[in-house]
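Please work from the sequences and hints to get the whole structure.
2 protein chains.
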Amino acid sequence: MSQRNVYLSMIPLEQAREITLREFGSVTSKKEEIPSSQAVGRVLAEAVMAAASSPPHHVAAMDGYAIRAKETFHASESHPVFLKEMENAFPVNTGQVLPGDSDAVVMIEKVTQEEKGLRLEAPVFPWQHVRKIGEDIVATEMLFPATHEITPYCIGALLSGGVRSVPVFMQPGVLILPTGSELVSAERDPALLRPGEVIESNSHVLGRLAESCGGRWTAAPPIRDEVDLLASQLEEAALREDVDIILTVGGSSAGSHDFTRTALEKTGNVLFHGITMMPGKPVVLGKVCSKPVFGIPGYPVSAILAFEELVRPLIRSMLGRPVIHRKKCTVFLSRAIPSRLGLEEFVRIRLAEIAGRTIAAPLPRGAGCITSITEADAILRIPANSEGLATGAETTAELLRPIEEIHNTLLVVGSHDNALDLLANHLKPMGIRLSSAHVGSMGGLLAIRSQSCHMAGSHLLDPSDGSYNKNAIARILPETPVYRLHLAVRIQGFIVRKGNPMNIRRTADLLRPGLRFINRQPGSGTRILMDYELQKNTIFPGDIEGYDNEETTHMAVAAAVLSGSADAGLGIAAAARALDLDFVPLTPETYELIFPAELMQTPQIQAVIRILSTKTFRESLKALGGYTIENTGKLTGPERTPPEKT
Amino acid sequence: MSQRNVYLSMIPLEQAREITLREFGSVTSKKEEIPSSQAVGRVLAEAVMAAASSPPHHVAAMDGYAIRAKETFHASESHPVFLKEMENAFPVNTGQVLPGDSDAVVMIEKVTQEEKGLRLEAPVFPWQHVRKIGEDIVATEMLFPATHEITPYCIGALLSGGVRSVPVFMQPGVLILPTGSELVSAERDPALLRPGEVIESNSHVLGRLAESCGGRWTAAPPIRDEVDLLASQLEEAALREDVDIILTVGGSSAGSHDFTRTALEKTGNVLFHGITMMPGKPVVLGKVCSKPVFGIPGYPVSAILAFEELVRPLIRSMLGRPVIHRKKCTVFLSRAIPSRLGLEEFVRIRLAEIAGRTIAAPLPRGAGCITSITEADAILRIPANSEGLATGAETTAELLRPIEEIHNTLLVVGSHDNALDLLANHLKPMGIRLSSAHVGSMGGLLAIRSQSCHMAGSHLLDPSDGSYNKNAIARILPETPVYRLHLAVRIQGFIVRKGNPMNIRRTADLLRPGLRFINRQPGSGTRILMDYELQKNTIFPGDIEGYDNEETTHMAVAAAVLSGSADAGLGIAAAARALDLDFVPLTPETYELIFPAELMQTPQIQAVIRILSTKTFRESLKALGGYTIENTGKLTGPERTPPEKT
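Sequences listed follow chains G and W, in order.
Under the working numbering, the first residue of the first sequence is numbered 2, with each subsequent residue one higher.
Under the working numbering, the first residue of the second sequence is numbered 2, with each subsequent residue one higher.
Don't read these hints as lab results, they were simulated from the structure.
Among these hints, one or two may not hold up.
Pairs count within a copy or across copies, as identical chains cannot be separated in the list.
[What the hints assert, rightly or not] With a straight-line cut-off of 27 Å between C-alpha atoms, the simulated DSSO-like cross-links for lysine-lysine are:
| id | residue 1 | residue 2 |
| --- | --- | --- |
| 1 | K329 | K429 |
| 2 | K616 | K635 |
| 3 | K32 | K429 |
| 4 | K329 | K292 |
| 5 | K429 | K31 |
| 6 | K429 | K111 |
| 7 | K111 | K71 |
| 8 | K616 | K31 |
| 9 | K429 | K328 |
| 10 | K117 | K71 |
| 11 | K616 | K32 |
| 12 | K267 | K499 |
| 13 | K623 | K32 |
| 14 | K329 | K635 |
| 15 | K499 | K623 |
| 16 | K429 | K623 |
Small disclaimer: the values here were computed from a predicted structure and weren't measured.
Set out below in structure tokens:
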């Protein structure tokens, strides 16, 4: 292990942003002139004045005759005025220029053609039905000030005002330098990756983010972990005319292969290293040839947050545009969120509107989990001086999606089943997003008790009578009337390696010497089933190697078998099939969606009930394999009415 | 005048949208496969499943040594365990694959290198500091359902999940056919337009709007007003594989040159003609070869509204996406808005936050005023069965800008001065938008009285003592303490044609036979000045030709002179200079910004005070010409304290 960097003293995010903007946040001096019609999304570098008036002449606002108003002033029913076509009354269509010195338009319905000419029985006011020159835009007036962002509507005003091209700021050029010897281009077939090779995805995410705030971007191929290589690339990049901001990705931390800071020290100087935020701690900011170089951490969520909190405000300020803050929303926590003192933490959360309250459920907190941000509806910032938030706490979250989308979210918590993905896919085109958190069957029922989900996916066997869910509901939700919506009967069994090399046939086979089992977490229906199977076979759990290794989803159990870290685990056929593993059927079980009776009329739940009754859904479910669909969509309950309030 | 179409019975907008979506609103069957990294903004045509797990192996989550946890279970301070590097302890960096059957990582800080090997004084738990295979994404799990719209974050999940390309809906192809013999391409130099020629701008606006909701677009060159030409183009367009929606622009009304409906009847059929909305009444929807053809009105605001209300929902529904509704906001009307029974009216309004209330001021209502929508902050829908809204009425508006931008708006009502454009340009980079309505000095003071603006631009001369604004304020705002912020002393004079061909030198010259004057509206400071001048010279207004022709801004007066419809008007030098006219100085006058004392601490007003004191602003103002800047930025008042409340 070679030399290790240390962080300089870490600074708060607020301070890091201040340094960034103070050093580099001035409006760019690079301008270009582009056609107005192509300027949507661009920012004006100078105020734009109209070059022409609109309308450019007095024009008819109606179909009719252009006339001189004063010739009609004495017209009345008893003393009509007669006008001569092409002499002092000129036919005009809407939009046509008024001919000669005419100053009004009379609608065609108001005149009658007679031998003496066009008969008019009422005076016409000057400028009636006329759009006067400059009524909309007067030449030389300011159309838009500098730093105005052009929208499609603006194009209309620009072209009408005779402005064919506009001076805009050049889009700040962002050069992305992914670093890491393990990285391979995203074009490589992932099936052909060698162990240790990792698809380089951050540059694409960061590039598209740069675009979303008005930047241009290019990315270099991944750079090997060699400090001199990085330093020379930095130097070269900083001299490029088209580069305004450099982002190195990965290698910004303090490990033996983290060279960003050293490379910055060789080529320029370091402004800060380390921010008291999580994820996103290992950010470096340096300056090479007066250009900003961000050392962006390699974990995808860290990379995104570092961009959003530092690079986005910088690009916006280079364009003279204010930072757009995320919309905020009051939420109630479904679970406690402990947090480390001294770090501002960005917790990604799911949101759902349940019984009139917006409920927040925290997502996995690892910076490596990109899905923790793609699944997230909002971000909760826990300040550095807080040890976290308690269950039920009311707090403010920053929205990542429009609030409408959150109102249309169905939050399903509990046991995981692949049929939920299928359900999600059927709900989506109806405008309903299924958001699902996998915490096991018991966790789902507890979430219903705390009113922190719409539905719970559950398959809790009662060994005493072979029933599912009913008794657990009676125990856990004694006061909540609930419905049970039958999703499917599915087969639980052992997920084993292809070809079943250890020839596992029944539960007792798990005792074989050398066999490594992978278990599910306590509270999951599968764990209860497993423990029931062991009890039935009078097997002592401690005798099974790996009994204490736990995963929280069927898929994770299957993945453990696929990777070779385990030989067998209890799970559903769909998970085995998904990873091309073998499956040893053990027992059928009932999987239900449980929901409080009071949510019955919620549109999301009504949609689920409707979908489950369709042939399309049932057939797609059957096609997944391992499901019996006879009772799919059957609704039971509520078996209890709420106790009378006294 | 040739044959005239009539509208079929007009239908409400709601019904027009229903017909549109019922006939054409099904999800497109056209799909394509595109690289994931280029899919931002596109909509998934099918659910996307992960092709690879992430991480694809168990990997180190820390720098340290990969070990087998069970070999450390009995480690303690008194009985340390010694591990051998490269035998049962392998150096790993964050992100590296765990070698062999190691199942945990011990941080480098937790071991000490000794002769016997790496000393470890505490047990290590299995999977400690390890990111397990599939922790983020398990191969085959659903990443995103069909009809999901890809964001930059999603790119990260797709690439990490081994998905290099995704199936997306093809972007609905919109073909725009502008019609009208008067139209010329936007590439033509507007200075070289012949009278009657109009720059074709709608296709660019509509095209960019189509892009903004996920469509592609192309526009044909303008088509002459000939029904057979239009019909043959429609037929040809409808047969094109890449065209899904056709928009003809202009000619959709019922005038003698409105051929859209006739062309539709020749080539397909008409589903409706005429919607009870304003602007946007003359919309036609037809069907040619099963494709939708919208006849979009040619007035720019009508075109935009027709697109937003009908075409946008259609494109969204073809992509399986829900319509996004505009955010709403409660507003109070600064002025009454009468409205025609039987038409749903879309009134464009300015908004500003004044003393805690959001105030709405209606913009010009003509469908030809593109600036009425580029200036608009929101739209007020007045239902067909309403005759309008009263002053002060509380109602709901649909926002066209983020509410933050409205909170940062400075609303200046009153007299117009070019210096306001300059001020706008200085405020904009500070994140403050100046929104100004030109209703004359008196109108500005009245707006302050009704608490419907931040500041009033005013130059109200009191002929009795030669003072400006002071006496008018005492009369109009007896109970409102206000500040007066001196903007500049400017010169008022006669705006005349280049070379002053009628040799106008003084007020009495306006009496010359054949001279046509253009006046300002009553209540404007300029009108008061004009009337004072006439009085001083004992001239009877009725003796001046054109005295009754009124314009509401200096620029409009200048435009009237430029167009030749008037020979002289009273106004400011800047307006004359702007249109390259001549200017005959008459008298200097004081222009002030008046604001209520209670708004003194409003950030927008503080910003104005700051800007007016800068050298940059004063020099740019001086450069405009015709301004004296000695007292610019001087603050006077408040001259009254509010009467004690009893």
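Non-conforming hints, listed in increasing numerical order: 4, 6, 12, 14
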